[in-house]
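Given the structure of chain G, go ahead and fit chains W and X with the ligands onto it with the hints provided.
Sequences listed follow chains G, W and X, in order.
Just so you know, the first sequence maps onto residues 1 to 324 in this note's numbering.
Just so you know, the second sequence maps onto residues 1 to 247 in this note's numbering.
Just so you know, the third sequence maps onto residues 1 to 441 in this note's numbering.
Hint data in this document are derived by calculation from the structure and do not stem from the laboratory.
We put the beta carbon where it would ideally sit given N, CA and C, even for glycine.
It is possible that part of the hints are untrue.
Pairs of lysine to aspartate or glutamate residues, derived as DMTMM-like cross-links and limited to a Cα-Cα distance of at most 20 angstroms, are as follows [what the hints assert, rightly or not]:
#1 283/G - 180/G
#2 140/G - 285/X
#3 140/G - 282/X
#4 224/W - 318/G
#5 83/G - 12/G
#6 179/W - 159/X
#7 231/G - 203/G
#8 140/G - 214/W
#9 179/W - 3/X
#10 148/G - 201/W
#11 216/W - 282/X
#12 11/W - 241/X
#13 320/G - 243/W
#14 224/W - 263/X
#15 216/W - 256/X
If you only want the chain G side, here are some residues facing chain W, beta carbon under 8 angstroms, derived [unchecked claim]:
#16 148
#17 192
#18 270
What follows is the residue order along each chain.
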Amino acid sequence: MSTILTYIAISDGKLKRSSLEVLSHCKSLADAAGASCEAVVIDANASSFIEGIQKYGASKVHVVEDPIFKNHMNTPLLKALSKVMSSINPSVFAFASTEGTKDVLGALAANQNAAVIADVASFKLIDGGVTAKRPVMAAKIMNNTEAKSDKVLVSVRSGSYDLNESPESAEVVNIDFSMDDSEMKSTLREIISASGDTIDLNEAEAIVAAGRGVKDEDGKALISELASVLKAGIGASRALTESGVYDPSLQIGQTGKVVSPQLYIAVGISGAIQHVAGMANSKVIVAINKDPDAPIFEVADYGIVGDLYKVLPPFIEEIKKIKS
Amino acid sequence: MPDVYAPLQIKEGELIMDADRMVLNAYDASAVEEALVLKEKHGGEVEVVCIGPAKASETIRKALAMGADKATHIIASGDEEYDSASYAKILSAFFKDKEYDVIGLGKQSQDTDSGLTGSMVAEHLSLPYTTNAVGLEVENGNLVVKRQGDSGQEMIELPTPCAVTCSNDMNDPRIPNLKGIMASKRKPIDQVEISSLGIDETELQADTKVTSYEEKPARQAGKKYEGEAEEVAREVAQLLDTEANVL
Amino acid sequence: MEDKFDCIVIGGGVAGLAAAMTLARNNMKFLLIEKGEFPGSKNVSGGVLWGSDLNKLVPNYWEEEDGGWDRFINHRRLTFMDEQSSFSLDFKSSHFNEKPYTGVVVLRSKFDNWLAGKVQEAIDASDFAMDSFIATDIKVDEVILENDKAVGIKTGEDEFYADSVIIAEGVNNLLTRQVGLQDKYVPADHMLTGIKEIIRFDQKVLEDRFQLNGLSGMSNEFVGWATNGIEGGGFLYTNRDTISLGLVLGLKDLREKKQKPYDVLNHFKQHPTIADAIKGGEVVEYSAHVVSSGDSRVMPKELYKDGILLVGEAANLLMNAGKAIQGMDYAMRSGILAAETIVEAKAKNDYTSAILKEYRKKMDDSYVMKDIKGFQDAVHLLHTDVMQNKVPNLVCDFGRQFFSIKNEPTPKSEKMLLGAVKRHSSLWELAKLGFKARKSL
Ligand SMILES: Cc1cc2nc3c(=O)[nH]c(=O)nc-3n(C[C@H](O)[C@H](O)[C@H](O)COP(=O)(O)OP(=O)(O)OC[C@H]3O[C@@H](n4cnc5c(N)ncnc54)[C@H](O)[C@@H]3O)c2cc1C
Ligand SMILES: Cc1cc2nc3c(=O)[nH]c(=O)nc-3n(C[C@H](O)[C@H](O)[C@H](O)COP(=O)(O)OP(=O)(O)OC[C@H]3O[C@@H](n4cnc5c(N)ncnc54)[C@H](O)[C@@H]3O)c2cc1C
Ligand SMILES: Nc1ncnc2c1ncn2[C@@H]1O[C@H](COP(=O)(O)O)[C@@H](O)[C@H]1O
Chain G
1 MSTILTYIAI SDGKLKRSSL EVLSHCKSLA DAAGASCEAV VIDANASSFI
51 EGIQKYGASK VHVVEDPIFK NHMNTPLLKA LSKVMSSINP SVFAFASTEG
101 TKDVLGALAA NQNAAVIADV ASFKLIDGGV TAKRPVMAAK IMNNTEAKSD
151 KVLVSVRSGS YDLNESPESA EVVNIDFSMD DSEMKSTLRE IISASGDTID
201 LNEAEAIVAA GRGVKDEDGK ALISELASVL KAGIGASRAL TESGVYDPSL
251 QIGQTGKVVS PQLYIAVGIS GAIQHVAGMA NSKVIVAINK DPDAPIFEVA
301 DYGIVGDLYK VLPPFIEEIK KIKS
Chain W
1 MPDVYAPLQI KEGELIMDAD RMVLNAYDAS AVEEALVLKE KHGGEVEVVC
51 IGPAKASETI RKALAMGADK ATHIIASGDE EYDSASYAKI LSAFFKDKEY
101 DVIGLGKQSQ DTDSGLTGSM VAEHLSLPYT TNAVGLEVEN GNLVVKRQGD
151 SGQEMIELPT PCAVTCSNDM NDPRIPNLKG IMASKRKPID QVEISSLGID
201 ETELQADTKV TSYEEKPARQ AGKKYEGEAE EVAREVAQLL DTEANVL
Chain X
1 MEDKFDCIVI GGGVAGLAAA MTLARNNMKF LLIEKGEFPG SKNVSGGVLW
51 GSDLNKLVPN YWEEEDGGWD RFINHRRLTF MDEQSSFSLD FKSSHFNEKP
101 YTGVVVLRSK FDNWLAGKVQ EAIDASDFAM DSFIATDIKV DEVILENDKA
151 VGIKTGEDEF YADSVIIAEG VNNLLTRQVG LQDKYVPADH MLTGIKEIIR
201 FDQKVLEDRF QLNGLSGMSN EFVGWATNGI EGGGFLYTNR DTISLGLVLG
251 LKDLREKKQK PYDVLNHFKQ HPTIADAIKG GEVVEYSAHV VSSGDSRVMP
301 KELYKDGILL VGEAANLLMN AGKAIQGMDY AMRSGILAAE TIVEAKAKND
351 YTSAILKEYR KKMDDSYVMK DIKGFQDAVH LLHTDVMQNK VPNLVCDFGR
401 QFFSIKNEPT PKSEKMLLGA VKRHSSLWEL AKLGFKARKS L
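Extracted from the complex, chain G is given alone in its bound form (with noise of 0.2 angstroms):
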C-alpha cells in the first residue's frame, strides 16, 4: 500500500493550521486512494503534538524530536526530512508552503531524487504521479503542472482546503535523530522577532492590511483598533514594510505571504498585481481607498472610495456597535 504523507509544521509551539488543511486533503486521497495517510512532526516537542493531529486522520503519526528544532534551521531540518523519507519512503510528501518548507524543499528534492511541485493551489493523484493546479504570472493565470514519478513533494498554499477533522487513533513511530554539531553547515546567531504577539496571518480569519496611504501614527493606531475589535491579524503592502512602518512579516503578497481569510480589508492600498496576488483567495474583501480607480476596487466585493482618516472611525464604531 502506498503512503501519502504531511509535514505538520510547528510554529511558535502551535500546530500550523495550513498544514492541517493539507492533512484533511491528504486524508480524503489516501482514503480515494486506499493508500495510507500519514504525517510526520519535527519539533523539540513533537510529541506533545500527537493528539492535535491525529484528530485529522493520519493513520500513523512520526515523531521526530529533538532540541535542535526548537528554532528552524535548514541543515537538522534537512536531514530529520530525508531520514523521514527514506525509511517511510511515501509516494507523495504534502506540505503546507510556509517559509520553513519553502527553505527546504527543493534541498530535500534533489537530495531524495524526488519530483516536485511547489506552492500549489491544489493537486490530486494521478496514475504515476501527481497533478496540481499553480497560479503562476504572478497570480495572473493558473497552470496544471504533472509530475510523475514514484516519490513526489507538493507543497500547498495556506487555505486552499478547508481543515476536515476526522479522528482515527494513530500508530505513533519515533524516529531517532542525532546530529553532531560538526555537521551544521550554518549557525543560528540571532532571532529577531515580530513585535508582539501579532496573530499568524496564515492562520488568521479575518485580516486588516495597511498600506502607503496609512501615512502616520494615527493611521496605524485606526489600523491597530480595527484590527483589535475584528480580532484580526495586521497585514501590510510592500510600501510599508519596506519603509519599516510595519514588520517585514507582515507583508502580503508575492514575496510576502499568500493568505486566505474570510474577510481582508485592504486599507490605503492601491492593489499592485503583486500585492493582489498573495491575498485574491480570502472570502469577503473589503477595500478603503480614496482612489475610485484603484486595482484594488477590481478584487473587492465592498469598496468603499473615501479618505481612511474619514472612513475608519465610523466603520470601527458601527463595528464595535454590532459586536456588542
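For chains W and X with the ligands alone, coordinates are given in the frame of chain G:
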C-alpha cells in the same frame, strides 16, 4: 524569463505571450545588486550566469550594465521542457569546478514562483545555504544573512563558499546608467553549450511538466460605495454583518 | 574626444528608429536613447503606418512571418454616423495586395521593439558595432548647448557629447522647447487626445467578421455621432487577433463640454454599428495619448538649428484630414531625411545650420510638407461643425430614406437628398462647404 507583466492569453490551454521579450527576474536583480555591493565593500569579482536561449543575452547584458564583470551564457534552445530541477542540475554542473565565495540566486522566479532552484543547487554542491535573504553582511570572512522566516527574521552565519537566495526586499537594484550600458558591450560573455558541462542529457529530463494553462476563476468586482464617509462606512459595516456574514 | 558620437538620437519611436537605421546603414557612430523600458513600451498608440518607407528601412519586411507588423490594408472605409445609422464609403481592392504594401497596421509595443532589433542588426554590421548603441530606460534631461549649438546631452549626472542631436521625442516635446525651437507655451487648444482600446477576438472570428484573408486588414474611420459632439473622429483597425478601436478628440472641446475621453469612447461603443463589430470581444488594453492636430499653428518655428534636427511628432508632423491619421509615416520619412542630412554634414564636417538647413529643404520637397501645407484647409474644414455634425446627419438621413423600401410611392432620390439637406443644413451652407472642399482636398 518572460515579462510577466506583458499581455498574455491562453489559447486552447497554451500560454501565448504578446511580446517576445525576456527580462531579468526581479529577485535575480536583487541578487546582482547585493553582489555588486559586496564587491564595492570587499573587492572581488561579480560573474553572472544564465541558462537560456539566444535572446537571453539581452538580459545578461542588463546585469553587466548594472556592473557585473563578466558573464556565462549557457545556451539552451528554449524548446527543452526544463523544470527547476533541470536548471539546478545544469547550474551545479557549471559551478562544480569553479571557485567562488557566494552563489547568489533569486528566491523565486517571478513567472512561476517555484522557489526551488536555490536550495537544489546548494544540495547538489553540498553548500551551506540560506533562502529568502533580506539582508547580508560579511563578518570575519563569514556571511551573516538576515532571512525572513515565518514569524520573524533569523540571523544566520554561513561559512564560504555558500549559496544565498535573495528577496527583492533586500535592496533596490540599481538601474543601469548610460555609462554602464556602454561599458557592458565590451564585457565578455562566455558562451557555453550544455553538452560541454559533462551532464548526462537524460538526467535533465524534467519530472514535472506543465500540461496546460487556464484562466483563474474570475473574482467579480463587487459594489463601490461612494459618498459621505460616515454614511458609507456605516453602511458597509452593516452589510458585512447582514449580507456577507463575516462579523 | 574619443567618446564623441557623430549623432545622438533622442527617442526610440518611429522617427528616432528610422533615423538610427539610416545612421547605422551609413556607418555613423551614434547613440539612440529611449526612456521606456524597451522601444515601444511607452508607445501605446499605433494604427496604420501608411506608405512604403518601411520597405526602405527593412527591405522585404513582409517576408518575415512574425515581423513587427500585424496586417496590411486592402480594405478602407469612411463612415458617417448619426445616432442610429452609419453610411460608409467602402473601398476594397486587390490592387492593395501588391508589395510593398501601401499601409500596414502595427501595434507599437511590438513594432518599435522589432524595428529596434533590426537597427541593432544594422549596427552590428556597421563599422561601429562596438561604439554605436541603443540604450533604453534612460531619460534625456537636457540637450547641452554651447553658444546655442548642440554639443551633447545630459542624463542624470552623466553628459555625452556628439556633433549633432536628432530630437525625436514625440508629442510631449520638452526638449524641443528647451532648445528654443518651440515656444515655451503652446496652446493646448490645437492638441487632441487619442484614446484607444484593444479588443481581442478569436482570430477566426475576427477574420470572418471583417472579411480578412490571410494577413489582409481593414481600416475604418468615423465621423459624426461617434464623438458625441466633440471635435474629432473615430477609428477601427484590424490587428492579427485584435482590433484597435478609438477616438481622437479635441482637448479644448472636451474641456469646454466637460466630457471625459473614456465616456465618449463608451458612447461610441454603444452605436449599433460598433456594438455589432465588437460583440464577443474582450478589452485587453486601454490607453490614452496626446496627439498633435496637424494644425500648422502649433508647428515649431523651425526644424533645425546649429547641431539639432527635429523629427516626427516632436515637430508636430501629423495630418488628420478625415480619411486617415498620418503621423508614423511622417515620423519615418522625417527621421530618414534628418539622418541623411547628418551623413552629409559629417562628410563636410560642418553641423551648423548652414548645412542642416538642407534637411528643411528635403522636407519641403517631400510629400510630408507638401501635404501638410496643401491640406491645411482640409484640416480646418474637418474640424468645423458642418463636417463634424451636419454632414454625417444629413448623409445618414438620406441613406435611411434611400435604402428603406416601404409599401408606398418612393420619392426620387434627388428629392430625398434635398429633404435631408433642409432638415440638417441648407443648400447655401453645403455649397460653401463644397467650394471649400474642392479647394482643400
Ligand atoms: C517582484 C515584486 C514583488 C512584489 N511583491 C509584493 C508583495 O509581496 N506585497 C506587496 O504589497 N507589494 C509587492 N510588490 C510591490 C507592489 O508592486 C506595489 O509597489 C505595492 O504593493 C504598493 O503598495 P501600496 O498599495 O501600499 O502603495 P501605493 O501603490 O502607493 O498605493 C497607496 C494607495 O493608497 C491610497 N491612499 C492614499 N492616501 C489615502 C487616504 N488618506 N485614504 C484612502 N486611501 C488613500 C492611494 O489612492 C493609493 O491607491 C512587489 C513588487 C515586485 C516588482
Ligand atoms: C490613439 C492614436 C492613434 C494614432 N493612430 C495613428 C495611425 O493610425 N497612423 C499614424 O500614422 N499615426 C497615428 N497616430 C500618431 C502617431 O502615433 C505619431 O504620430 C507617431 O507615434 C510619432 O512618432 P514619433 O517617433 O515622432 O514619436 P513617438 O512615437 O511618440 O516616440 C517618441 C519616443 O521618444 C521617447 N522619449 C520622449 N522623451 C524622451 C527623453 N527625454 N529621453 C528619452 N526618450 C524620450 C518616448 O518614450 C517615445 O518612445 C496615432 C496617435 C494616437 C495617440
Ligand atoms: N535558466 C536559469 N538561469 C540562471 N539562473 C536560473 C535559471 N533558472 C532559475 N535560476 C535561478 O533560480 C532562481 C529561481 O528558482 P525557481 O523559482 O525555482 O525557478 C532564479 O532566481 C535564478 O537565480
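Here is what the structure says about each hint:
no., hint, in the structure
1, 283/G - 180/G, "47 angstroms, violated"
2, 140/G - 285/X, "15 angstroms, holds"
3, 140/G - 282/X, "16 angstroms, holds"
4, 224/W - 318/G, "19 angstroms, holds"
5, 83/G - 12/G, "24 angstroms, violated"
6, 179/W - 159/X, "10 angstroms, holds"
7, 231/G - 203/G, "12 angstroms, holds"
8, 140/G - 214/W, "10 angstroms, holds"
9, 179/W - 3/X, "11 angstroms, holds"
10, 148/G - 201/W, "18 angstroms, holds"
11, 216/W - 282/X, "16 angstroms, holds"
12, 11/W - 241/X, "12 angstroms, holds"
13, 320/G - 243/W, "17 angstroms, holds"
14, 224/W - 263/X, "18 angstroms, holds"
15, 216/W - 256/X, "43 angstroms, violated"
16, 148, "6 angstroms, holds"
17, 192, "4 angstroms, holds"
18, 270, "15 angstroms, violated"
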